[in-house]
Every structure is written in structure tokens, then in C-alpha cells.
Amino acid sequence: MFLGFTSVGNMKMTFAILNRLCLACFLSIHLIFSAEGNIHVFQYPRFIAVKTGRSVWINCFLSNKSLPTHVEWFKGQNYKDQLKSSHRIKIMEKSDNRSAFITILETETEDSGTYFCKLNGMPGPGTELLVYRHLKPPNLMITRVKDFVIFLQALLLILCIVVPLVQFYRMEKKEDAVYEEPEDNHIYEGLAVEQCGGADLYEDISVFAQVPDAPWEIEYGNQE
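Position one of the sequence shown corresponds to residue 174 (this note's numbering), numbered consecutively onward.
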């Protein structure tokens, strides 16, 4: 009888312990997922512009630096081109005193693009790398000469269009200036127009017009 009560009590205690263990496991899993939901991946710097032949470093780290990480690096938006360590590319994992990073040595123009890191499968925001070629002095002089020739050609083309238009416009203005509308002169038959003090005076010019006598009508003193 006593042993029966003892076994029932042990079973209840066992169930209570199991319930507490399940609750503790559930809380632990919930805390882990909640912590992972608040973790973010950062990259530094976000943009790099360098000349060819230089070396660049891109850092990748988590917001919670105490977590262990495994880093992967990709080039491009689709994460298809995974980068591996080589003589020019060095990939370093996270350690106690530094974050994970990638080093690209002796950069070329083909290295331009967007680089992404993944820490524990979580992608970073990306870093844009721009590699431009450094022009040597002779090449720079040739480029400037080409630019000057292009500018000169454009200027000559503009002059060839503008100069004929300006000359045509000036010729039209000159023709308009030479042509003047004649003034109205009031001349009437038998009258001459004179202006005196702004008034028109008309005089009969027939008085001043005398018809000369014919030679046979002229009488001389010795003719009677």
C-alpha cells in the first residue's frame, strides 16, 4: 500500500521535471530565433574608387560580434560568382581581434563591380568597387588633342551654318534701306509748283513763255 503511493508520487515528480525541461527548451529556442532575427550583416566601406594597380580591403561583420561566423564572398547581384582565395584575392575569416574581410591585390578595370559577403548564410548590403585606369602623360596629351580637335570641328560647323544666315539677313536689311517710296509731286498742266513758307503757289507759266517772231516779221531800221 505504501509502495503504491510512493510510485505514484515519483511519477508525478517525473512529469513535473519533464514539463520544466520542455519549457526551458522552448524558451531557449525562442531566444535563439529572436536573437538571430535582430542580427544584421554590415559591410565597410560601401563604395571604393581606386586606380589600377592598387589594393582594396572590404570588411564584413555582424551586429553581434560575439557570435561565431563563417564568411563567403560573391561578386554580382545574383550571388552566382563565388570568390575563392588566389594569388590576387585573399579571404580572411573572423577572429577575436578583427572582422572577416577580403583583399584584392593589383586591381584591374575588370575587378569593378558589386561585392557581397555572407555571414552564416545572411547576405550583406554590398560594396561597389570602381577601378579606373591611370593615364600616362603622353596618353593624356593625346586625349586632350583629340578633345580640342572635336571642339574645333564643332565650332567650324556652327560657323558654317550661322555666317550664311547672318549675311542673308544683312542683305535683306540693306535692300529695305535702299528702296524709298517716292514723294508725291503735284504737277498740273500749265502750272508750276513753288513752295513758299510751306504753302503751294501756282503761277501761270504761259505768261513767261513768249513765242519768238519769225525772221520775215522782224523790221529793221533801214527797211521801210
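A hint or two may mislead.
Straight-line distance between alpha carbons at most 25 Å, and here's what the computed DSS-like set of lysine-lysine pairs gives [as the list claims (entries may be wrong)]: (1) K267 to K291; (2) K347 to K291; (3) K224 to K238; (4) K253 to K263; (5) K263 to K248; (6) K319 to K291; (7) K224 to K267; (8) K319 to K347.
Worth flagging that the hints you see were computed from the coordinates, not collected in a lab. If you're wondering where the values come from, they're calculated on a predicted model, not measured in any experiment.
So, going through the hints one by one against the coordinates:
1. K267 to K291: 12 Å, holds
2. K347 to K291: Given that 25 Å is the threshold and the Cα spacing comes to 79 Å, the pair is violated.
3. K224 to K238: 33 Å, violated
4. K253 to K263: 19 Å, holds
5. K263 to K248: Judged against 25 Å, a Cα distance of about 14 Å means the pair holds.
6. K319 to K291: 46 Å, violated
7. K224 to K267: 28 Å, violated
8. K319 to K347: 42 Å, violated
Hints 2, 3, 6, 7 and 8 from the earlier list are contradicted by this structure; the remaining hints agree with it.
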